[in-house]
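Chemist: Now for the letters of each chain:
There are 2 protein chains.
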Amino acid sequence: MNDAPPTGPATPADSVEPQSRRRIRADRARQVAEVLRRQIASGAFASGLLPDERTLIADFAVSRNTVREALAVLRDEGVVERRQGVGTVIVRRPYEHTLEQLTGLAETLGTHGEVINRVRVAHVVRPPGEVARKLHVPDGGHVVYIERLRLLDGVPLSLDLTYLAADIGEPLLAADLAGRDLFGLIEQSTGGPLGSASVTVHAVGGDPHTCALLDIPAGSALFTVERLTRMPDGRPVDLEFLRIRGDRLAFRAELVRAAPESESGSESESEYDEAARRTGGER
Amino acid sequence: MNDAPPTGPATPADSVEPQSRRRIRADRARQVAEVLRRQIASGAFASGLLPDERTLIADFAVSRNTVREALAVLRDEGVVERRQGVGTVIVRRPYEHTLEQLTGLAETLGTHGEVINRVRVAHVVRPPGEVARKLHVPDGGHVVYIERLRLLDGVPLSLDLTYLAADIGEPLLAADLAGRDLFGLIEQSTGGPLGSASVTVHAVGGDPHTCALLDIPAGSALFTVERLTRMPDGRPVDLEFLRIRGDRLAFRAELVRAAPESESGSESESEYDEAARRTGGER
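Those sequence lines, one after another, are chains A and B. Residue 812 is where the first sequence starts when you use this note's numbering, and the numbers rise one by one after that. Residue 812 is where the second sequence starts when you use this note's numbering, and the numbers rise one by one after that.
The set of hints was computed from the structure by calculation and includes no laboratory data. Beta carbons: idealized from backbone N, C-alpha and C, even for Gly. Each hint should be verified, as a subset may be incorrect.
Claimed, not checked - Here are some chain B residues the structure puts well away from chain A; computed CB gaps all over 12 angstroms:
| hint | residue |
| --- | --- |
| 1 | Q850 |
| 2 | V897 |
| 3 | I901 |
| 4 | H947 |
| 5 | D964 |
| 6 | P967 |
| 7 | P982 |
| 8 | L988 |
To be verified - Sample of chain A residues lacking proximity to chain B, with all beta carbon distances greater than 10 angstroms (derived):
| hint | residue |
| --- | --- |
| 9 | L860 |
| 10 | E892 |
| 11 | R929 |
| 12 | D950 |
| 13 | R961 |
| 14 | L988 |
| 15 | G1045 |
Claimed, not checked - If you want the footprint, here are the derived chain A segments under chain B, 3+ residues with CB under 8 angstroms:
| hint | segment |
| --- | --- |
| 16 | 869-879 |
| 17 | 1014-1025 |
All chains, full assembly: derive it from the sequences and hints.
Modeler: Right, here's the structure in full:
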């Protein structure tokens, strides 16, 4: 009943106009949802149930209505579900994938379930100009194009579009594309480890076609990832465009503080320039 | 007119049933959109215009209908706009923010425009249990809560919720929160650089309240970022929950290939355990 506890987590409600109350409750609900979402993702509630309302009210020092609004936010995102006589059940928690080291999906997530790839396309094609440039393919050259829908425990996780340099990709056309990560297959085929990769991650509302393939409503939030992977000598060989369900994966990284100056202006340089520069030597 | 060029980028359309044509065109349109989206994001089209249809048809070796469908995908995402007599205009391109080093928004993006923060809340509060645990705040202790809407060149970019250890946060309540990154303010206040941070990035469809604040339609794709920043001695002092417009920012990282074995099982450990463990010593 009291929407303005003196020790609440956020907004000094006791000093504001009554008409701002709704806004303040929405702010608080968002703050509560934010913390709960991360607790869920990091596996904090081993029982698969959220704490009951009374506990949440006490823990966050907010009103019952604010807690309900926070749970509604998580319900709308498909993270939790209210079940009569049970409570608030965690429906899904995203798996965490590192952004520190270069790893394939099955390498990282294989311990959580079975990764299966539905191979939609795997053949030799003439690449679009931009793809040819990034993979340093000469005019008239070809690449191998592989498209796979990736499932973890039978539920779609991502749709992966991959362009491979011909000499790297052609031996893979006969390999176990349904069962294995491309990184592992490439390394087995070339006899050594891959080098480094440049990764860019966007968040977009998915187009209807992609969302249908991924078995989620059109417009659902996706990560779209571009990953350009290089051999140890710097040669770019693997250009991927991944569309990953936002409700099934989170990225994780450990960052170290560096001098602010070193950052500025890095973005004015195009990725292609960078890739070309790196081709000369290892990092 | 010809939807199945022999050297096209994707699907061997010449060998499939007529009823699969629509699906194949949608696949190809998605592939084209994927490449164009990344070209736009990396600043490939300096004129602010996409190449004309004829050029795109030749470059991607697809039909006119496929190119139009690809452009429709980008239009629906708000990336481009069709203007009569002009062509396909790039409406917005996301800024790239590194996920390699720990930097504040203004440090990274300040060269691209003016970052302004609208301070919505800045005061001392009793933290929710989870926040207290992550910041190692003793029972009954307090933290400083700061909520800021961040704008780049006058357009909302992110909504940042920050919980700071009291001794770190209190001196900042009188500082220039509207004009500066928290990292810079903390370092000025403590007299030395911050240490490291653990970052987790999710993609979600934004709730109506957050989207209204960020000036985008409800349900638009957002990055939600949790970032726990530590002092050089490992003490966690700054826990942030950032909600970033997906259409305005992309994350970027350089990864190095490491032995696959070193990855497995890292996710079974909770972030709290990790933070607690790290508190003992520097990385």
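Chemist: Can we confirm that no CB of chain A comes within 12 angstroms of the CB of B:P967?
Modeler: holds, 15 angstroms
Chemist: Could you check that no beta carbon of chain A comes within 12 angstroms of the beta carbon of B:D964?
Modeler: Fine: 15 angstroms to the nearest Cβ keeps B:D964 off the interface.
Chemist: When you look at the beta carbon of A:D950, is every beta carbon of chain B farther off than 10 angstroms?
Modeler: The assertion about A:D950 holds, with a minimum of 12 angstroms to chain B.
Chemist: Against chain B, does A:R961 keep a CB gap of more than 10 angstroms to every residue?
Modeler: holds, 16 angstroms
Chemist: Mind verifying the non-interface call on A:R929? Its CB should be farther than 10 angstroms from each CB in chain B.
Modeler: Since the minimum Cβ distance to chain B is about 13 angstroms, A:R929 lies beyond 10 angstroms and the statement holds.
Chemist: Compute the least Cβ-Cβ separation between B:V897 and chain A, then decide whether it is above 12 angstroms.
Modeler: holds, 23 angstroms
Chemist: Test coverage of the segment 1014-1025 of chain A by chain B using CB-CB distances below 8 angstroms; three residues minimum.
Modeler: Held - the segment 1014-1025 of chain A has 6 residues with a Cβ nearer than 8 angstroms to chain B, which meets the minimum of three.
Chemist: With d taken as the least Cβ-Cβ distance between A:L988 and chain B, does d exceed 10 angstroms?
Modeler: Fine: 16 angstroms to the nearest Cβ keeps A:L988 off the interface.
Chemist: With a Cβ-Cβ cutoff of 8 angstroms, does the segment 869-879 of chain A contain at least three residues near chain B?
Modeler: holds (count 3)
Chemist: Can we confirm that no CB of chain A comes within 12 angstroms of the CB of B:L988?
Modeler: holds, 16 angstroms
Chemist: Is the nearest Cβ of chain B still more than 10 angstroms from the Cβ of A:E892?
Modeler: Label holds. Min Cβ-Cβ 16 angstroms, cutoff 10 angstroms.
Chemist: Checking a non-interface call: every C-beta of chain B should be farther than 10 angstroms from the C-beta of A:G1045. Is that right?
Modeler: Fine: 12 angstroms to the nearest Cβ keeps A:G1045 off the interface.
Figure legend: structure checked against the earlier numbered hints; the only hint not met is number 1.
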